[in-house]
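Participant: So the sequences go chain by chain: A and B. FYI, my numbering numbers position 244 of the first sequence as 244, with every residue one higher than the one before it. FYI, my numbering numbers position 10 of the second sequence as 1010, with every residue one higher than the one before it.
Simulated from the structure, these hints should not be mistaken for lab results. All of these numbers come straight from a predicted model, not from anything done at the bench. The C-beta atom is built at its ideal place from N, Cα and C for all residues, glycine as well. Just to be clear, a hint being listed does not mean it is correct.
Stated by the list, open to error - The calculated BS3-like cross-link candidates involving lysine-lysine, where the alpha carbons are at most 30 Å apart (straight line), are:
#	chain 1	residue 1	chain 2	residue 2
1	B	1203	A	319
2	B	1203	A	369
3	B	1187	A	369
4	B	1187	A	379
5	A	379	B	1188
6	B	1203	A	314
7	A	379	B	1203
8	B	1203	A	269
9	A	361	B	1203
10	A	361	B	1188
11	A	51	A	184
12	A	129	A	32
13	A	279	A	252
14	A	138	A	122
15	B	1187	A	361
16	B	1014	A	369
17	A	149	A	138
18	A	184	A	129
19	B	1188	A	369
20	A	138	A	181
To be verified - Some chain A residues flagged as far from chain B (calculated, every beta-carbon gap over 12 Å):
#	residue
21	25
22	34
23	65
24	74
25	80
26	125
27	126
28	161
29	181
30	229
31	254
32	279
33	316
34	317
35	435
To be verified - Distance ranges between label pairs, derived from CB positions:
#	chain 1	residue 1	chain 2	residue 2	range
36	B	1116	A	204	45 to 53 Å
37	B	1181	A	435	40 to 48 Å
38	A	17	B	1308	26 to 34 Å
39	B	1118	A	202	36 to 44 Å
40	B	1015	A	125	52 to 60 Å
Single-letter residue listing:
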Amino acid sequence: MAHQENAIEIRNVGKEFPGVRALKGVSFDIIKNTVHCIVGENGAGKSTLIKILTGAYEKSSGEITLNGKPFSPLKVRDAMSGGISVLYQELNVVDELTVEGNLTLGKEKHQFWFPTKADDLKIAEDILKSFDESIKLKTLVGSLSVAQKQVIEITKALCAECSVLIMDEPTAALSLGETGKLFKIVEQLKKNGVTIIYITHKLSEIFEIGDFVSVFKDGDMVATQPIEGMTSTDLVKMMLGKVVAESYIPSKGDRSEKILEVKNIRTRKLQNISFELFKGEILGFYGLVGAGKTEVSEILYGHEYEGEVRINRKLANFKGVRGAVSSGLALVPEERREEGIFGLLGIRENIPLMKLTNILKHGVVNRQKENQLADRYIKMFSIAARDRNHQLALLSGGNQQKVVISKCLNRESDIILMDEPTRGVDVGAKVEIHNIIRELANQGKSIIVFSSELQEIVNLCDRIVLMYDGAVRETLHNGDDISMDHIMEVVAGKEV
Amino acid sequence: MNKTTYFLQTETQKVVLVGIIVTIMIVLSFTSPHFLTLRNFTNVFLKVAVIVIIASAANLLMITGNFDLSVGSILAFSGIVHAYMCKHGVPIELSMAITCLAAIGWGSINALTVSVIGINPVIATVGTLFIARGLAFLIARWDGGANIMLGLPMEFVDFGRELIFGKIPLAIVMMVAALAIFIFIEKKTVIGRYSFAIGANQKAARLSGINVVGIVSLLYLIVALFAGLSGILQASRVGLAAPNVAKGMEFDVIVAIILGGTSMMGGKGSTIGMFLGALVVGFAANGLILLGIPFFYQSIAYGLILIVSLVLNQRIGIKEGDS
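Bound-form chain A, shown alone (with noise of 0.2 Å):
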């Protein structure tokens, strides 16, 4: 690549908030025509430069050029107008309006008030037939898939002529199938001229669409590299600066004492599911979505089912949350901003709710009992706060699962359901996690792990529930020879 070109370049860009600096004067290149991956944990500084090449933040020192020409967007409109474009992690589609009326949106062209079609329909229409030939301009937007309504927004932002295409983390909510098939359109984007900043927390993507990577930590850009040539190590060693191999530890503890027992349970969706869970242990289920791991988690959390559940080999006739809480079992949900976290409330708040008593002296809460308690969760999962009092939603979202975590430990239930435990959590945080759930299986707590992520079950669990509609096909052992092709093909459904 002799002649290559860059579409932007960014010298010395620096942004600071009063008091922090967010960004400590950051210098690299984007290559024209390539597709250029941003990683790094969350707070690291990806996002406040993405901000400032979009106009949404000002940047306070620092050169940004655009194909050559100096850029310094005041606001979003003129970084628009400069032909950046950014498909936000959040889908930013009018699901009641038709594809047409979305393609449109903003710039219906009328006649005395009466709409008239817009010129640029055309053009529009053409660039989506060539994504996908069976989105029709008249659905509504709300009857299509997540991966057609991002064709859309990728549609949207290609008609805007942007040479640009920042990229939001827009796996999140996709589908293996559907991943597949923007990486497919990501490629034809290149083709066609569009430089791409791709922004991800999943280092596979970046392994299979990548050209250049840029690591970001503390405010810092670390490095910038091709892709070419460069091992997942490699780039995990740069974005913590230390050697992170997870792989799979068997829990120390005897697990022989069964604590919990399941028969034959039935529900609308679930078919004789039957399960057993010892002390010490980490038990995961393994399902593709629609599989039935979420029904298994709420029946073990006090929903209705037939069938039968024995805690401690006691029949276990609780029925809702509170029976399930009060027989030792604690959850830690999988929306964790929804369902886990008090947001408006501290950390030494969110803690011990779960078990007030424990902060209670003659009844009374007890400051002093509420700030050791806080600050011993603290310590011990090493979480990253201003003090005790800093506010939840303020926290980074791994910070955030371990005082989840922490709310449950203080509950000292004995089986403890951790539904994606570490979903939206940085690589960092998500070892730090995965070594917290270890730890608590080792003090002979017992651990169910619902997860969609393979790699995370493999690498935690001690025996893995393999489930497909609604049904175990299959409960397995972890050791060195499991294997991960036999696993995928148990989940897909195929007969073993």
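For this one, chain A is given, so just place chain B on it according to the hints.
Facilitator: Chain B alone, transformed into the frame defined by chain A:
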């Protein structure tokens, strides 16, 4: 960060409210000769007392993310029921007890519709608002008049006009008691903690094993009980029970609470803030009357206070969320 700036940042709303109260007081003491009199202050506090008694409970209810628009009607209903029973020979203590139970009855209707069944609190409690008010008029009519005034026994009036330690009106003592109880509940008890948790994230509260329905229901009962007590107190102090008393009082209560920094979405707020908010409302109303400003201007001023307080609330909320 040093302690003073931390205090100023977290308690902005209260600092602003104290500033407003002090400003109103300074302006009024120069412009009206009647302002700085014991009589005027007693009047202001008697008016504020009823709001504060109800709002102390309603404040915690709003912290859970719920609210009660029926308090004014429950107050009127309770006054009428109490007066009716006293007039027709029921001993005053028994009458008070029955009235309180009746008030709690309204509270349990609210608890049932809002907390158990899950109807929007605006709709459900407006329903109670109309029914309780209507029944108050109906009972007054049975008695044969618009108000229940003639034929009330002496004890009926004595109760509300009692002076504690020979000086302090009972209403003010009850206000202080209500404040003390709810500051304690808010800061020191399980109910207080759960209320904040429910308001901050009801779903997470439920999944944490917190009895959401129980706590919210309990608060609806307490709010209604306090409204009932206020009804007894007010009727007794004035010496008559009128079915149209305390119309719009639910808004006085809500304005005091919101001015005090409690979020309508829940999860945030304080009893002390609410008290300061009630004082702002009380002194502002007092000032408008003392300065002889016609009532329609008062209404306009009142609306402005409400909107400004909401904007203030929102701005401070955004600042915290952004940092």
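Participant: Give a verdict on every hint.
Facilitator: Comparing the hints with the structure gives:
{"no.": "1", "hint": "1203(B) - 319(A)", "verdict": "holds, 17 Å"}
{"no.": "2", "hint": "1203(B) - 369(A)", "verdict": "holds, 27 Å"}
{"no.": "3", "hint": "1187(B) - 369(A)", "verdict": "holds, 14 Å"}
{"no.": "4", "hint": "1187(B) - 379(A)", "verdict": "holds, 25 Å"}
{"no.": "5", "hint": "379(A) - 1188(B)", "verdict": "holds, 25 Å"}
{"no.": "6", "hint": "1203(B) - 314(A)", "verdict": "holds, 29 Å"}
{"no.": "7", "hint": "379(A) - 1203(B)", "verdict": "holds, 28 Å"}
{"no.": "8", "hint": "1203(B) - 269(A)", "verdict": "holds, 23 Å"}
{"no.": "9", "hint": "361(A) - 1203(B)", "verdict": "holds, 28 Å"}
{"no.": "10", "hint": "361(A) - 1188(B)", "verdict": "holds, 10 Å"}
{"no.": "11", "hint": "51(A) - 184(A)", "verdict": "holds, 27 Å"}
{"no.": "12", "hint": "129(A) - 32(A)", "verdict": "holds, 25 Å"}
{"no.": "13", "hint": "279(A) - 252(A)", "verdict": "holds, 11 Å"}
{"no.": "14", "hint": "138(A) - 122(A)", "verdict": "holds, 14 Å"}
{"no.": "15", "hint": "1187(B) - 361(A)", "verdict": "holds, 14 Å"}
{"no.": "16", "hint": "1014(B) - 369(A)", "verdict": "holds, 28 Å"}
{"no.": "17", "hint": "149(A) - 138(A)", "verdict": "holds, 14 Å"}
{"no.": "18", "hint": "184(A) - 129(A)", "verdict": "holds, 14 Å"}
{"no.": "19", "hint": "1188(B) - 369(A)", "verdict": "holds, 12 Å"}
{"no.": "20", "hint": "138(A) - 181(A)", "verdict": "holds, 22 Å"}
{"no.": "21", "hint": "25", "verdict": "holds, 23 Å"}
{"no.": "22", "hint": "34", "verdict": "holds, 35 Å"}
{"no.": "23", "hint": "65", "verdict": "holds, 31 Å"}
{"no.": "24", "hint": "74", "verdict": "holds, 20 Å"}
{"no.": "25", "hint": "80", "verdict": "holds, 24 Å"}
{"no.": "26", "hint": "125", "verdict": "holds, 41 Å"}
{"no.": "27", "hint": "126", "verdict": "holds, 42 Å"}
{"no.": "28", "hint": "161", "verdict": "holds, 33 Å"}
{"no.": "29", "hint": "181", "verdict": "holds, 33 Å"}
{"no.": "30", "hint": "229", "verdict": "holds, 42 Å"}
{"no.": "31", "hint": "254", "verdict": "holds, 29 Å"}
{"no.": "32", "hint": "279", "verdict": "holds, 22 Å"}
{"no.": "33", "hint": "316", "verdict": "holds, 15 Å"}
{"no.": "34", "hint": "317", "verdict": "holds, 17 Å"}
{"no.": "35", "hint": "435", "verdict": "holds, 24 Å"}
{"no.": "36", "hint": "1116(B) - 204(A): 45 to 53 Å", "verdict": "holds, 48 Å"}
{"no.": "37", "hint": "1181(B) - 435(A): 40 to 48 Å", "verdict": "holds, 46 Å"}
{"no.": "38", "hint": "17(A) - 1308(B): 26 to 34 Å", "verdict": "holds, 29 Å"}
{"no.": "39", "hint": "1118(B) - 202(A): 36 to 44 Å", "verdict": "holds, 39 Å"}
{"no.": "40", "hint": "1015(B) - 125(A): 52 to 60 Å", "verdict": "holds, 59 Å"}
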